[in-house]
Amino acid sequence: MTAAVPEPRPLSRQVPAEGIRLRGVFHTYGRGTPHEVTALRGVDLDIAPGQFVAVVGHNGSGKSTVAKHLNVLLQPTEGDVWVDGLNTRDPAARMAIRRRVGMVFQNPDNQIVGITVEHDVAFGLENLGLPVEVIEQRIDEALRLLGIEHLRHEPPHRLSAGQKQRLAIAGVVAMRPRYMVLDEATALLDPAGRAEVLDCIVRLNREEGLGVVWITHFMEEAVHADQVVVMEGGQVVMAGTPRQVFQQAEEIRRLRLDVPLVTRIAAGLRERGLPVPADAVFLEEVVQSVCRSASGD
Amino acid sequence: MPISVRGLIHTYDPDTPFARQVLFGVDLEVGDGEIVGIAGPSRSGKSTLAQYLGGLLRPRQPGMVVIDGIDTGAPDADIAAVRTRVGMVFQFPEDQLFERTVELDVGYAPRLMKMNPADVEARVREALETVGMPFEEFRGRPVHALSGGQKRRVAVAGVLAKGCRTLVLDEPTAGLDPLGREEMLELVASLHRQGLTIVMISNQLEELARMVERLVVLAEGRVAADGPVRRVVSDAALLASTGLRPPGTVAAMQAFAAAGLPVRTDCLTVDEVCDEVARAAGGVRRA
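Which chain is which? The protein sequence lines are A and B, in order.
Those letters in the first sequence? Residues 255 to 551, by my numbering.
Those letters in the second sequence? Residues -3 to 283, by my numbering.
Hints may be right or wrong, so weigh each one.
From the derived model, a few chain A residues whose C-beta atoms are all more than 12 Å from chain B [as the list claims (entries may be wrong)]:
#1 E332
#2 G378
#3 P385
#4 R398
#5 R457
#6 N459
#7 R460
#8 Q502
#9 P531
Listing some non-contacts, in silico: residues in chain A with all C-beta distances to chain B over 12 Å [said to hold, decoys possible]:
#10 G273
#11 T282
#12 R353
Just the calculated beta-carbon pair ranges, DEER-fashion [claimed, not checked]:
#13 B:A77 with A:D394: 57 to 65 Å
#14 A:P288 with B:A15: 52 to 60 Å
#15 A:R508 with B:D91: 28 to 36 Å
Hints are computed from structural coordinates only; laboratory data are not their basis.
Ideal Cβ placement from N, Cα and C applies to all residues, glycine included.
Bound conformation, chain A alone (with noise of 0.2 Å):
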């Protein structure tokens, strides 16, 4: 994929009236400064209402720039961002997004306010002006869908990392937003807490219709995606399914990141002759194969 300028084209077809839209979208960090540095180089991307998207790619290759362009933490040096028809660029718009895009970041720590679980998640709600009866079922919801209502009344530093980064999560799902984006979220826990934290994901896209971006460098957190796009040198340089992604074992390696373990099983069992398919991303598929060739269906 070669990095251009866009094109001007008419902004009623260009823009749609939902979802997320990059189109042609460079940044440059200090520029003028000798310290300038060009983190995005034309990046297009659409992201549907309720879709889940995978963001995959080393440091340094641009995807937490792109996610801070999402709900207006950073403005395009060139080229536009609209979120359901507004444009980043607009004053008058920023607010309105970043009501209908909530951001995760890394460290749970850093995003924790609150004297005890509920305090916290009232915080923005509270800022935000609502009638108490409404704060409370909206608490009620949010502490619900993150499985953590049992905490309710414990102090934030009492919580496993796991348990804060669903705090977290769940200040930003009280607030409605219609997106969220979740940059590296799982980077800084244990394994066990990272699936909690990625159920808990899946779960809100499945069963609220959250739209979700999910940055990443685990390959294998990207199997529950709609959508994966792979970044590289600022670019997107793979976008696809999983299945499509995946299969590409090659181009990703070249890129320096993992192939998941089930494809790569998945690739050495068709070597030895096992009849599994070769855009196998589940374990599940790849023993049910196995097992029905050895049972000789």
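With the hints as your guide, set chain B onto chain A.
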């Protein structure tokens, strides 16, 4: 014997209402040149134990920690000497660099130890070569201009320059991307090949299974297992009771076994998994 821990007990904030016991009688021996993994879920006591191994904590309650013959619980123990035997490497060690050049940073501890300049240089040279950075090429490089992986190696060289022959690494790959992780693991493997004694603490059995020969599992402040890594990471009952996740290869074999394929589950590499599954599937088919 570089490390010997006997019956170690640790309580944070003892004799207060906040007292919390985290170690309940830990025994651990690490022999010269060994590479040992310590795994355990969050709050199992791993990092507390690590601080004893590095002489940052000293036994005040029943229990004994002896590092290279120095009993760190003894009132007159030479703790400064302990810290020149066992080096600690924490998460993001590159954050601990502060000098202008590679040579100055790695030479910081030897200079503090009042070594003469020729000896300092020899130490720095040896430490840099050990982490795979040729001395002449890197000595004058400004620290801030190094890549993340190079900074991490300089930080480890800084620990080695104290003269440490044993390294305790506490979650050395947490937060790194796949490339950074591979570089760090390759570095640890090469240090072990060069004869250093390594204790690697991690909650990722995946990594430990690749790296170490012997694995110790801590759970709730006690040693729940201590043995060959292959046996420990495939012990489903042990892992379930401690809340640790088996390596992906072992989990895959458990899924094949659960589906009725007659396989062993202690596979640590993709090749082992595929060979074992192909063997069992072929066998079942022929039967």
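- Non-interface label on P385 of chain A, tested against every C-beta of chain B at 12 Å: The claim stands: P385 of chain A keeps its Cβ more than 12 Å from every Cβ of chain B (closest is about 39 Å).
- Query: So is P531 of chain A really clear of chain B, every C-beta pair being over 12 Å apart?
  - Reply: Holds: least Cβ distance 15 Å, greater than 12 Å.
- With 12 Å as the threshold, tell me whether R353 of chain A passes as away from chain B on beta-carbon distances. It holds; R353 of chain A is separated from chain B by about 30 Å at its closest Cβ, greater than 12 Å.
- Message: If I take the minimum Cβ distance from G378 of chain A to any residue of chain B, is it greater than 12 Å?
- Response: Since the minimum Cβ distance to chain B is about 27 Å, G378 of chain A lies beyond 12 Å and the statement holds.
- Okay, A77 of chain B versus D394 of chain A on CB: inside 57 to 65 Å? Hint holds: Cβ distance 58 Å, inside 57 to 65 Å.
- Message: Using Cβ atoms and 12 Å as the threshold, tell me whether R460 of chain A really stays out of contact range of chain B.
- Response: R460 of chain A clear of chain B: closest Cβ-Cβ about 23 Å, beyond 12 Å.
- Task: Over 12 Å to the closest beta carbon of chain B is the bar; see if R457 of chain A clears it.
- Result: holds, 20 Å
- Task: Could you check the hint for me, namely that R508 of chain A and D91 of chain B are 28 to 36 Å apart, CB to CB?
- Result: holds, 30 Å
- Assertion that T282 of chain A lies farther than 12 Å from chain B (Cβ): holds, 21 Å
- Query: Is the Cβ of G273 of chain A more than 12 Å away from each Cβ in chain B?
  - Reply: Check passes; 29 Å lies beyond 12 Å.
- Task: Please settle this one: Q502 of chain A was flagged as non-interface, so is its CB more than 12 Å from every CB on chain B?
- Result: Since the minimum Cβ distance to chain B is about 16 Å, Q502 of chain A lies beyond 12 Å and the statement holds.
- Query: Is R398 of chain A truly not at the interface, in the sense that its beta carbon sits beyond 12 Å from all beta carbons of chain B?
  - Reply: holds, 24 Å
When the structure is compared with the earlier hints, no violation turns up for any of them.
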